[in-house]
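Participant: Letter by letter, the chains look like this.
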Amino acid sequence: AQKVTQAQTEISVVEKEDVTLDCVYETRDTTYYLFWYKQPPSGELVFLIRRNSFDEQNEISGRYSWNFQKSTSSFNFTITASQVVDSAVYFCALSEGENAGGTSYGKLTFGQGTILTVHP
Amino acid sequence: DVKVTQSSRYLVKRTGEKVFLECVQDMDHENMFWYRQDPGLGLRLIYFSYDVKMKEKGDIPEGYSVSREKKERFSLILESASTNQTSMYLCASTLTGDEQYFGPGTRLTVT
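Chains as they are written, first to last, in my numbering: chain A, 1 to 120; chain B, 121 to 231.
The set of hints was computed from the structure by calculation and includes no laboratory data. Misleading hints may appear alongside valid ones.
To be verified - Quick look at which bits of chain B chain A covers, simulated, 3 or more residues with Cβ under 8 Å:
hint: 1; segment: 132-146
hint: 2; segment: 149-161
Claimed, not checked - Sample of chain B residues facing chain A (criterion: CB under 8 Å; computed from the structure):
hint: 3; residue: 207
hint: 4; residue: 210
hint: 5; residue: 218
hint: 6; residue: 219
hint: 7; residue: 220
hint: 8; residue: 222
hint: 9; residue: 224
hint: 10; residue: 225
Here the structure is a predicted model, which is why all the values come from computation and not from measurement. Ideal placement from N, C-alpha and C gives every residue a C-beta, glycine not left out.
Assemble the whole structure, with the sequences as input and the hints as a guide.
Facilitator: Written out as structure tokens, the structure reads:
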């Protein structure tokens, strides 16, 4: 069975601080995808990144960066120089790999979410 | 612009009522999903559908059923609403292996 753990329930930082959100996953699949989603106060989940299991390169997008390490089954997310607009709930998710028939329905297993509050 | 819409943002129902939550996507996606979101539990999969009239149970299907008569529409049905079904319900759709696109959510309160 797949599992995603976000050990940090809530994080509170002051603007301009760097913050890292941890994500650890478990799966027996060799092919899988990892995701991060942001849920602002409005409620709609916003896609941030998808990483497949064969690509361990770190990724940077503006103030956001992601560190994928298969050796520790982790996919951590860092926000550099945080801003008030970064305040949201952040979810890490794992999608299933291909089944015996060679297909995948894209089902996601989500972590519990981390509530990030950035104070001015 | 991709879009997943849900019929209501807020809904209040009484215990025992039959409740329909509707979700429509305009991206021609095969796969559609219903999740419920509760504090501290993240999103949990209730049901999903990979084709018209095809459905599979997710992790917490008890007390729910679904209907998918057309590719773009996926309905979640609470046959007899109970207070423990008070929650945020999120619909999503995807092409295989791609990101899931989410609707705005329906906050259901059962009294």
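Participant: Does residue 219 of chain B pass the interface check with chain A, least Cβ-Cβ distance below 8 Å?
Facilitator: holds (5 Å)
Participant: Using the nearest Cβ pair, does residue 225 of chain B come within less than 8 Å of chain A?
Facilitator: Hint holds; residue 225 of chain B Cβ to chain A Cβ min 5 Å, cut 8 Å.
Participant: At a Cβ distance under 8 Å, does chain A reach at least three residues of the segment 132-146 of chain B?
Facilitator: violated (count 0)
Participant: With chain A as the partner, please determine if residue 220 of chain B meets the hint condition of a C-beta pair closer than 8 Å.
Facilitator: It holds, given that the least Cβ distance between residue 220 of chain B and chain A is near 6 Å, below 8 Å.
Participant: Grab the minimum C-beta distance from residue 222 of chain B to chain A and call the hint holds if it beats 8 Å, violated otherwise.
Facilitator: holds (4 Å)
Participant: So is the segment 149-161 of chain B in contact with chain A by the C-beta rule, three or more residues under 8 Å, or is the coverage claim wrong?
Facilitator: With 5 residues in contact (Cβ-Cβ under 8 Å with chain A), the coverage given for the segment 149-161 of chain B holds.
Participant: Grab the minimum C-beta distance from residue 224 of chain B to chain A and call the hint holds if it beats 8 Å, violated otherwise.
Facilitator: Residue 224 of chain B check passes; min Cβ-Cβ to chain A is 5 Å, inside 8 Å.
Participant: For the hint on residue 218 of chain B, does the least C-beta distance to chain A fall short of 8 Å?
Facilitator: holds (7 Å)
Participant: Any CB of chain A closer than 8 Å to the CB of residue 210 of chain B?
Facilitator: holds (7 Å)
Participant: If you take the shortest Cβ to Cβ gap from residue 207 of chain B to chain A, is it below 8 Å?
Facilitator: violated (13 Å)
Of the numbered hints listed earlier, those contradicted by the structure are 1, 3.
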